[in-house]
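A.B. asks: These are the residues of each chain, in order.
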Amino acid sequence: MTEPIYKTDALIAEDIDAYLVQHQNKSLLRFITCGSVDDGKSTLIGRLLYDSKMIFEDQLAALEADSKRVGTQGQEIDFALLVDGLAAEREQGITIDVAYRFFATEKRKFIVADTPGHEQYTRNMVTGASTADLAVILIDARKGVLTQTRRHSYLAHLIGIRNIVLAVNKMDLVDYDLAIFDAIVKDYREFADSIGIESFTAIPISGFKGDNITTTPSPNTPWYKGPALIAHLESVEIDNVSDQAKPFRMPVQWVNRPNLDFRGFSGLIASGSVKPGDAIRVLPSGKTSTISKVVTMPGKAGPASGTGGDGDLDEAVAGQSVTLTLADEVDCSRGDVIAVADNPPEASSQFEATIVWMDDAALHVGRSYWLKLGTQMVSATVHAPKYTVNVNTMEHLAAKTLELNAIGVAEIATDRAIVFEPYADNRTLGGFILIDKISNRTVGAGMLNFSLRRAQNVHWQPTDITRQEHARLKNQTPRVLWFTGLSGSGKSTIANEVEKSLNLMNRHTFLLDGDNVRHGLNKDLGFTEADRIENIRRVGEVARLMADAGLIVLTAFISPFRAERELVRAMLPEGEFIEIFVDTPLNVAEARDVKGLYKKARSGQLKNFTGIDSPYEPPEHPEIRVNTVEMTPEQAAEHIIRKIMPLK
Amino acid sequence: MSKTLTHLERLEAESIHILREVVAEAERPVMLYSVGKDSAVMLHLARKAFYPSPPPFPLLHVDTTWKFREMYALRDRMAVESGMELLVYQNPEAIERGINPFDHGPLHTDMWKTEGLKQALDKYGFDAAFGGARRDEEKSRAKERIFSFRTASHGWDPKNQRPELWNLYNARKAKGESIRIFPISNWTELDIWQYIHLNAIPIVPLYFSAPRPTVTRDGLLLMVDDERFPLKPGEAVVERSIRFRTLGCYPLTGAVESTAATLPEVIQEMLLTTTSERQGRVIDKDGGDASMEKKKQEGYF
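Chains as they are written, first to last, in numbering that gives the first Met the number 0: chain A, 0 to 647; chain B, 0 to 300.
Don't take every hint at face value.
[Said to hold, decoys possible] Covered stretches of chain B (chain A as the covering partner; in silico rule of three or more C-beta atoms under 8 angstroms from a C-beta of chain A):
| hint | segment |
| --- | --- |
| 1 | 18-31 |
| 2 | 50-59 |
| 3 | 153-162 |
| 4 | 166-175 |
| 5 | 178-187 |
| 6 | 191-202 |
| 7 | 266-272 |
Derived from the structure by calculation, the hints contain no laboratory data.
Since we're looking at a predicted model, the values are computed, not measured.
For glycine and all other residues, C-beta sits at the position ideal for the given N, C-alpha and C.
Using the sequences and the hints given, assemble the complete structure.
C.D. replies: This is the structure:
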């Protein structure tokens, strides 16, 4: 085993103050290692930590004991044990998750995202790659360019990593043969060209023996003239620096208002730089102003200048968290973007995006998800994918949805315009996550490719007569009374009774009934899950327009999924959506079977029937619940009327 | 003009971004303040993130009544300096049963810290709690998210963590569920010390070497911080020049013999030392290999 190179810097012992000054000016590089245990990935990371003295004696002692007990390297230290963190992983001998490791050399601090290499962990690799400046693609010299090499390279390129290192590992096992190294590099270059990777750096290494990791040339590879892995990592350009050359953009995170005299906008600068006097524009409103101050906290300065005691700055650049004050009182809040005035980003609500699906439950085409981009949070629906990509062959495949780990290209629509830039231009304003509205899980991640032109041409037409005026003329407050329940629960009957009562009270109403709407507006839809989602979306939109017209709208639809009912709720002003759960047990509804549908469903003549072979998700907190076993339709209607009055 | 930000500037900006995201999205955030050096940095970052406003959340100290006296003094001083509300919580059952580290072993940590923390979060209804854990401290921490989601019973499920991409954090949760947030996840021990040094951040004097009353027990060098420390037969209190690399309950925290009396000397000693900082802690050891992972699943921070 070679001696660690970075063990101790003589300066630490001789002149600690000089050492500290030297080391407080290190830059930071984040990179990802791609490969599997078989490629020696964990061994390489263990080696980097060991060589840069990030492993202490007590850890090393534990490691030596573990190596002898469960290691795979005989009596030698098994570095892989050092980085396979969770107990579950150590038992199974695999790396499940993204783990972050830290080490530093004299020039830089490094954060390594360590992710598993198998195809079922595509989402983990994408996650690790999303914050990386550089990717180390590991190849076993005995095996050459494999399917997984192509997959890892494609993913790294997809996520926008510009610095690719091809680390040809285990050179010790092929006798440090130049011909083998050259053949692998040639193979890889052909592949890289085919997917648009412009350049990469190939380094012959042995993670196990330490060749070309910290110093070059290794006596074993006299033919290699390039840098050692560490030297290369120390010298590549960091994305954060290139981002500064782009136009200024800062998503507003938080409005800082300690008192009436101070109003600041806090955020992390996504690109460009900013200084007092700069002309800016607030998006999406388009209002302009001038930067008055770039504020950070003045502190007690430490013994050396640095992050402390900054106070107001002359200039701030991409990657810094600051608070900006403006010369004018302009409307600006969380979700807005402050940008350079003469070159602002666009806003749009329809895009083409590349999406990586990260959840066990597949994408529901047409369902409403939360989309978070920068500090903007909106509702979004994803259309059927144009295609998905086979991550092993890069072939485009037809697909109806996106399953776990699938990567697909699809159109996406947001419920209001968002400020964005194509991902290729700006990771912060082009990268987004999708969140399930019920489970709150992060189910997908995506990159906006471009805005669809039709979005820019369809504008909301402002009208002079507002919804308030419509409602005032009718002397009532608009409501959407949303009846939900199983087929045969009595939704239509009760809704009809409620409408009759309201009509007698001179209320302006309209009843949208499931069966009736399916004869016209929705006659193109069937009963698959996707069609049911679209059915409810359309009814929701119609109900909203009618409520805008001042009407009290009653809807009688099974509407089996919580997510879609919540989607309609979100379309309406707070308090206008009244969810009424017509609570009838399945056996009661089935016994009634007014339309004979349960019988058909049971005999298999009718597919996707709610309650039989398609789920019904009852409301968790409906505004009103009526029990049709205990109440007659008339009693239920009366109960509802009492609950919703006075309607003014 | 381009400017290469230093690693500390990048780490600082990331932490501030995280702190602000939580304040913008959570209903009732709180900062878990343990008075150690990591808490000191986290508190400083919070003050910087919201300046000129004071951080818009309280500090919560889950107290065991067995911390070093100097820790209590600094805690009270920093609450005043930062203009933040300080909440101190002590598990009433642990008080009643007189739970202490000498007689109750692992139960001490479980009742005061794990149970105490859960009770405090429930009592005040906090839905987001900042903690000063770092990923370089311990193996299971290396895989924990910055936004670490907890069930209504405060459990952590390492296999069911939300993916975290770019700097987009998902803070949404159902009623009753909560999030632990670790704004200094990506800092290392050296980063923490350098940042304290550069910003002159106040820390507990115990980190610096001084002559202190000590006892050697079970291979640990313990400080006799008050009269509650029961001496075993044959034990004698000896004055030694010691300091601490990590701070917790005084009867559970091992000191190191040292002459490092200034920050640069402390950093120097850290860089030249050959054992990791958690080595002085009894708490990681009980329960074997996956001890911390298990504790976290049970609700420990």
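A.B. asks: Verify this for me: three or more residues of the segment 266-272 of chain B with a beta carbon less than 8 angstroms from a beta carbon of chain A.
C.D. replies: Coverage by chain A holds for the segment 266-272 of chain B (5 residues, Cβ < 8 angstroms).
A.B. asks: Under a C-beta cut-off of less than 8 angstroms, do 3 or more residues of the segment 50-59 of chain B approach chain A closely enough to confirm the stated coverage?
C.D. replies: holds (count 4)
A.B. asks: Check, residue by residue, whether the segment 191-202 of chain B contains three or more positions whose beta-carbon lies closer than 8 angstroms to a beta-carbon of chain A, and give the verdict.
C.D. replies: Three-residue rule met by the segment 191-202 of chain B, so holds; n is 6.
A.B. asks: Does the segment 153-162 of chain B contain three or more residues whose Cβ lies closer than 8 angstroms to a Cβ of chain A?
C.D. replies: holds (count 5)
A.B. asks: Test coverage of the segment 166-175 of chain B by chain A using CB-CB distances below 8 angstroms; three residues minimum.
C.D. replies: holds (count 6)
A.B. asks: For the segment 18-31 of chain B, does the count of residues with a C-beta closer than 8 angstroms to a C-beta of chain A reach 3?
C.D. replies: Three-residue rule met by the segment 18-31 of chain B, so holds; n is 4.
A.B. asks: Are at least 3 residues of the segment 178-187 of chain B within less than 8 angstroms of chain A when you compare beta carbons?
C.D. replies: n = 3 at 8 angstroms, threshold three: holds.
Against the hints set out earlier in the document, no violation occurs for any number.
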